[in-house]
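**Student:** Chains as they are written, first to last, in this note's numbering: chain E, 1 to 493; chain X, 494 to 981; chain D, 982 to 1093.
The hints are simulated quantities; they were obtained by calculation from the structure and are not laboratory data. The reader is advised that the hints may include incorrect statements.
[Said to hold, decoys possible] Stretches of chain D that chain E covers, calculated by requiring three or more beta carbons in the stretch to come under 8 Å of a beta carbon on chain E:
(1) 1014-1020
(2) 1025-1034
(3) 1056-1069
(4) 1083-1093
Every residue, glycine too, gets a C-beta built ideally from N, C-alpha and C.
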Amino acid sequence: MSDLLSLTAVAARSALDKKECSASELTAAYLKAIEDTADNNAYVAITADKATDMAKASDARLAKGEGGALEGIPVGVKDMFCTKGVETTASSQILKGFVPTYESTVTSHLWADGAVMLGKLNCDEFAMGSANETSAFGPVTNPWTATNGDLMGKALTPGGSSGGSAAAMAARSCLLAPGTDTGGSIRQPAAFCGMVGLKPTYGRCSRRGIVAFASSLDQAGPITRDVADCALMMTSMAGHDEGDSTSIDAPMPDLMAALSMGIKGMRIGIPDEYTLDGMNPEIVALWEQGRAWLEDAGASCVPVSLPHTQYALPAYYIVAPAEASSNLARYDGVRYGQRVEGATLDEMYAKTRGAGFGDEVKRRILIGTYVLSAGYYDAYYIKAQQVRRLIQQDFLTVFEQVDALLTPSTPTAAFPLGEKMDAVSMFLNDVFTVPANLAGIPAISVPSGLSSDGLPLGLQLIAPALREDTLIRGAAVIEKAAGFDHVATGAAS
Amino acid sequence: MTKNVSPLVEGRTGPWEVIIGLEVHAQVSSEAKLFSGASAAFGAGPNEHVSLVDAAMPGMLPVINRFCVEQAVRTGLGLNAQINLVSVFDRKNYFYADLPQGYQISQFKQPIVGEGSITITLSDGTSRDIGIERLHLEQDAGKSMHDQHPSKSFIDLNRSGVALMEIVSKPDMRSAEEAAAYVSKLRAIVRFLGTCDGNMEQGSLRADCNVSVRRPGEPLGTRTETKNLNSIRFIAQAINSEVARQIEILEDGGTIVQETRLFDNTTGQTRTMRSKEDAHDYRYFPDPDLLPLKLDAAWVDHIRDTLPELPDALRARLLDQYGLSPYDASLISEDRAVAAYYETAAAGQDAKIVANWMTVELFGALNKMGLDLADSPVKPDQLGKLVGRITDGTISGRIAKDVFALMLENGADPDQVIDEKGFKQVSDTGAIEAMIDAVMAENADKVAEYRGGKDKLFGFFVGQVMKASQGQANPGVVNGLLKQKLDG
Amino acid sequence: MLLPLQQLFVTRLVIRLMTIDKNTIPRIARLARLEIALERQSALSEELASILSWVEQLNALDTAEVEPLASVTGHDLPLREDKVTTGNDPDAVLSNAPEKTSNFFVVPKVVE
């Protein structure tokens, strides 16, 4: 039984084909793992019966030799994806009890390819947060714990907003996990939990059926154990959708082939502006190490400049809340979710939303409403969109000289849950990840080493739009060189 | 085009000039809604024409309907307006029960259609050009019913997401009559184009009126907006009521509050809308679920090349081609179907007589029967044929009315009716002479009186001869022969 | 290419030095239909002020000649056919409604 949990998705898929195990066995193992690791609070809903039924159906298809790309692979779904017939809450009280009558396009791709749904995973409320502490259903605990140093014995954050997804992956209580990334919400938790996390080019994955946070930034992407699983899952998730006007219609490069293409002759940029004042020396060292790995594999690394990098975070914290304030206006207690009664319609709205939204969500709605309001729109929102264009231009210019960029994924390793942090300090967790969202370009985080406390650290590769293949090529090289084979202490076995 | 002088309203203390601008919301005639695939048709049961997008379910996204865009371009061209090849959809953010998204997708800074103008004709025959500021596409809201329950309102989202064209005029109108003429003309244009059915009762076309008054020559006064007027009569009433109200306030030394008002059609007065204590801050920003709309110039040209004939051009052609009176030309050119009927009926017939029969006899009869022209039992070619039988002398105008009445009953062919009823006009001079002789013989005393100078009695003799012939004697022949015989 | 009106504004796109007064939170909360507990309001006011003054660093950038980003993908808005493809399922539409009757959504009465 324990061997089953150690299989990657690619290995498990192969094992299923070779009849070394059955889909039902695999799912049963993961359902048990969920029980065994329940303390981490990664799951907000477990769909055991559904999972068992889906696994059975997978076995039937496999028997006929009709298995899909993800046949029988157990998946945990971030609660931002609408799942038909299964409660979807965005980890918010305001959507408690909401059962969609429709499936998100991305998850429907996964089911069409034969994957099995284990349940819904915890996240920051409406995907707003970097520590999975804003969830209405309690924080998630990182299955990783410090092996020495000040953080020993402390419960750590898995990162956010896809904290439940990354934690469940690290806990081996699911084998694949689709996340969503608006400012780093796949890559940062992946880095904190020792997982691979990929945010594709904006428009690669359909946003239809994903609870919207910031429409021009949101993208779904895979959180996986290794780069091969990432290539497999990304291929399944992506695809043009006529039901999403921002969805792009461009063929995905062959990511499975990219795994073994190597990076000989590739030019990798090391952006000056990603070196922060007082940066953690372990992160600096890892970054240097990453550069050496890439050069050993035949790439050439050069310093490059993205001059507007420091303005990415403030621009993001204008654009994202602005869009969110409008996207969340529909949560009003009229057509779905929780309602708090009021004497008048307006009172009902105010009470429903006041009670249903947590503090972080309310804060961002207020910021967003403010920056769009009369007298401030030009100064804030337009300004931020202009800065966004400058950031996009920085990347376009740099990508004329290099094929990809190497940066750290996060400024620190996982930090303790409940650590008092003001809003802006919390925002700074996303300093390396946000620029790629603003520019709409793909980026991947690969687990590359452990901190001196024994906590995972990730390196990030950023590529031009539509070049997920470049990311896979580089990530495969880093993965091989890093040889990161550590498993979290909180993992099921 | 002579610009006529603004009609002024006499107040207690002097004359006032009225400034009116209209925002007309016209529902686009299309199968599906602007951003969703639900039906745009009117009349379904509650929440039957609602998609997940219309209900603003989590994760649902808008996808724009090409035909609705085409209809907006077509309308813009019919308004002689500039078509903007690039336009942007913005979110207009506010909270209301009939607005599921908490915002309306509309167009703010860059609408699909820019400036244009239409010509209106007033009852005194003068014409004026009224400027169009812009036309943009936006989503319609759902419907709230507030009168079904003491403490609750009921919401139906069928209308939510239907494509609307908001047509904003320049503040060029100066009287309720002009405003009414403007809306009539606008309605005719969109009906001709087939871009909106103009059914005001069903809410396909409705107007918001912006009204202010000022002393001639002084700067513009504060305006009020009266919303959701769904008949031309109400538009005129609301404007007149608002003008009177504003003048009274100003003459009493007060000031006009800039506000939104509703028209109460039972009292004929406007009143303040309760819910508008704080001015709306709509926080417009470009909808990030959409991209800028880009139109191909060749596509716009094709729409332009395939525009149907519009009311003004049609009216001019009717005057020119058929020699109709301005009144008849205006009446017939109000509706494309009416004009089509007329032209079929008038083909090869006396244009003016056909016009008269149509506008007086046919319309009168259909009105009484409660029928639309489309459901007329008398088809256009039949009406034409009837007129033809008058002009070729087969029947008199008088008898034609009887024939017409029978045609209305069962859509019968006029020749058939004439034959069956033996309505053929008698023009045989011999027969008529015989009838005249008989009448004169029976009324010798009156003959004497006539010959003695009582000219008025001529009509009596005509009547008698017509009676004797059961109305079928050709009146022209009767007149001629009778005169001869009486004078003779 | 900026529209003429926008060109007029962009030279003046400087984020004002933050003045959040005690009316700001209630006003914005009203616009957003969010009930904020009285005891939370001053803390929120401070939080908002600190975030907004942090984003003010964007003022250091001269963006006078820069066109705001309209779309990150650069593709054109796709258009769809005018066909009825969905609807006629009021049960699905109303399935999650907190209050409903005879296929209507029900809310507290609005007086216009």
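**Student:** Test coverage of the stretch 1025-1034 of chain D by chain E using CB-CB distances below 8 Å; three residues minimum.
**Tutor:** Answer holds; 6 residues pass the 8 Å Cβ test.
**Student:** Under a C-beta cut-off of less than 8 Å, do 3 or more residues of the stretch 1083-1093 of chain D approach chain E closely enough to confirm the stated coverage?
**Tutor:** holds (count 5)
**Student:** Taking beta carbons only, do three or more residues of the stretch 1014-1020 of chain D come closer than 8 Å to chain E?
**Tutor:** holds (count 5)
**Student:** The stretch 1056-1069 of chain D covered by chain E? Criterion: 3 or more residues, Cβ-Cβ distance below 8 Å.
**Tutor:** Held - the stretch 1056-1069 of chain D has 4 residues with a Cβ nearer than 8 Å to chain E, which meets the minimum of three.
When the structure is compared with the earlier hints, no violation turns up for any of them.
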